[in-house]
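S.K.: Going down the list, the sequences are from chains A and B.
With positions in the first sequence counted from 1, the corresponding number in the working numbering is that position plus 24.
With positions in the second sequence counted from 1, the corresponding number in the working numbering is that position plus 1481.
Read the hints as simulated data drawn from the structure, not as lab findings.
Do not take every clue at face value.
[Claimed, not checked] Label pairs and their calculated CB-CB ranges:
id : chain 1 : residue 1 : chain 2 : residue 2 : range
1  : B       : G1520     : A       : K37       : 36 to 42 Å
2  : B       : L1644     : A       : L214      : 35 to 41 Å
3  : B       : N1570     : A       : I205      : 15 to 21 Å
4  : B       : T1491     : A       : C143      : 27 to 33 Å
5  : B       : N1591     : A       : L214      : 22 to 28 Å
6  : B       : T1491     : A       : L214      : 39 to 45 Å
7  : A       : R207      : B       : E1609     : 31 to 37 Å
8  : B       : E1609     : A       : E280      : 26 to 32 Å
9  : B       : D1692     : A       : K37       : 50 to 56 Å
10 : A       : I205      : B       : S1755     : 51 to 57 Å
[As the list claims (entries may be wrong)] Result set (DSSO-like, lysine-lysine): computed pairs, CA atoms no more than 27 Å apart in a straight line:
id : chain 1 : residue 1 : chain 2 : residue 2
11 : B       : K1687     : B       : K1496
12 : A       : K278      : B       : K1496
13 : B       : K1607     : A       : K126
Keep in mind it's a predicted model, so treat the numbers as computed, not measured.
Backbone N, C-alpha and C fix where the C-beta goes; we use that ideal spot for every residue, glycine too.
Listed below, chain by chain, are the residues.
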Amino acid sequence: MTIFKHEIKRNIKKLYIWCGAVSSLIVLCLMIYPEMKSNVDDIMDLYANLGDFSAAFGMDRLSFGTVMGFYAIECGTMIGIGGAFFAALLGIDILSKEENYKTSEFLLTHPISRRRVVCEKLFSILTIIIVFNLTCMIVSMLSIAIINETILWKEFLLFHLGQIILHTEIACICFAASAFIKRGGIGIGLGIAALLYFLSIFANITDSLEFLKYITPFQYGDAANIISTSKLDGVLIAIGLIVTAISIFIGFYKYETKDISA
Amino acid sequence: MAVIEINNLTKYYGKSRGIIDLNLKVEQGDIFGFIGPNGAGKSTTIRTLLGLISPTSGSATIFGKDCTKFKTEILANVGFIPSETMFYNGMRVSEIISFSAKLHKKDCKNEAKILCERLQLDDKKKIEELSLGNRKKVGIVCAMQHNPNLYIFDEPTSGLDPLMQKEFFSMVKEKQKTGSTVFLSSHTLSEIQRYCKNAAIIRDGKLIVSDSVDSLSKTSARRINLHGITSLPKIEGLIDVKTQENSVSFLYQGEMQKLIKTLSTIQFSDITISEPDIEEIFLHFYEKVGK
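Let the sequences and hints guide you as you build the complete structure.
M.R.: Below is the structure:
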C-alpha cells in the first residue's frame, strides 16, 4: 500500500481543487434554480427555438421546469465534463510521470514488481475518482435540500453511477496511453476527453452520426438520457466496461514489458 | 561465489547498439570497477542487471538467480545509486528516505540517521531545493540504509565534493569489510585504481578486458622523456608523441633494447623512463583495442 498512499498524497491537492471547483458550480447553479423556475415558460420558449443546440445538451428531452431536469442539464454537464477532464489528467500522468521526471530508476529498483506498482497506481486514481463523485453527489443532495426541492432518488443514483463508470473508462483509456508515452501527457489526456465529449455532442445532434454513441462513453453517462428514461443503457454500459477492461489490460501489459528508458 | 554473472548479454534498442555479447563475473566481497567512456554501454549493463530493461539475448544472474525472473527477490538485497539521482519534487528528504525504506519493508531509521549525519545531509530540506551533490547524497542513503549484500553504483561520486567522495568511499570500504560486494561504474580512473581490486573495461558495447586492477595497470609500455632534442628518428611502436620546445615525450611498447640502440645514435642531453599511469594506459591502449 506504500505506493497507493504515495500517489494519493501526490494527487490530493488536485482532488481538492477539482472537487472545490465542480462543487461550487453545482451549488451556484442550484441556488439560481428557484428564480429560474418562476420564469420557466419564457426560458422554455427560448430553448425551443434553439433547435439542434438544445438537442446537443439534451434539452429536447428534459424540462427546465423540474429540478431533476434542470440538474441533469446544468449540473450533469458540469460533473460529466469536469470529472472526465480530471479523470483524463489523472490517468495520462499516472505511469508516464515516473519517466518524465526520471524517478522511474528510483522507484523501479526497489523490491516491488511492476505489476504491483501499476496496480497500486491504478487503484489510487480509481479511489480519487470515486471520492470526487461522492463529493459531487453529497454537495448536490445538500444543495437540492436547501432549495426545498425533492430528489428523484432512482434517477439521481443511476446518473451518478453512470458518471463513475464514465470517469473510470476515460481514466483507464488514458492510463493505457500513459504506459506508452514518456512526456507530453496533458495534451493527449485532455485531447482524448475533449474528443469523446464532442463525439457525444455530434451523436446528439444528427441521426446520421448516431452510431457514435457506441464509441463515446459520454452517451451512457448523458444525464438527459438517464433521467428522462430512468435507466442506464445496458448495451452502451457493457461496451464501456469492455473498453475499460481492455485498456487496463493494455496498460498493465505494456508497462510490465517495456524498457524503462534513462 | 560469483555475485554477478553476465553471460553473452546483448541488448539492442531497436537497431541501435546497447551492449554486445558481454561476459562478466564479479566475485563476492569485491569492489569491482566498470570503466568505459560515455555511451559505451555501462548504464545499459546496469539497467539490465536491475531489470529496468530486458536483454535482447543472453542472460545475467545476481546471487545465482536470473535477473529477469527473480527481479523482485534480487532487488531486496541490492542498493543502487543511479547516475542521475532524481526524486519526487515537493517531498522532503526524510520522506523520500522513509518511502524507500517502506518499499523495502524495513525499518531503517537508525541507519538512515547515521548515514545522513556522516554525509552532512539536512533531511528537512525539500527535494527541489537540493543541489546535484545533495541529491546524490539522498541516493546514497537510499542505497545503503537497508544494508544490502550488493551495491550497484553508476557514477556515484559525480557532484560530490572531494571530502564527501572520500567519506563515501570509506563507507563503501566498511560495507565491503562486512562481506558486501560493490559494482562500481565510473569514468574516473583514479577512483577505480584506488579502490577496486578488479575491473572491466567496456567500449562500444563490447568488453575489452576484465582483470585485476594491478595487472591492468601493468604494461610493458613505458613513458619516455628525451631532453635536448626537437625531433625523433624513425622508431616503430611509438604512441602519443608530444614534442615540446626542447624535449620529446612518447609512449613506447616493444623491445627496449631496440629502442635504446636507435636512441644511442642520436644526441640528447637527458632521458627518463617511467611507468605510464592508468589514465594513459586506458587512453592509448584499451581504447585502440576496441576499435
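S.K.: Which of the numbered hints are not met once you compare them with the structure shown?
M.R.: 2, 5 and 7
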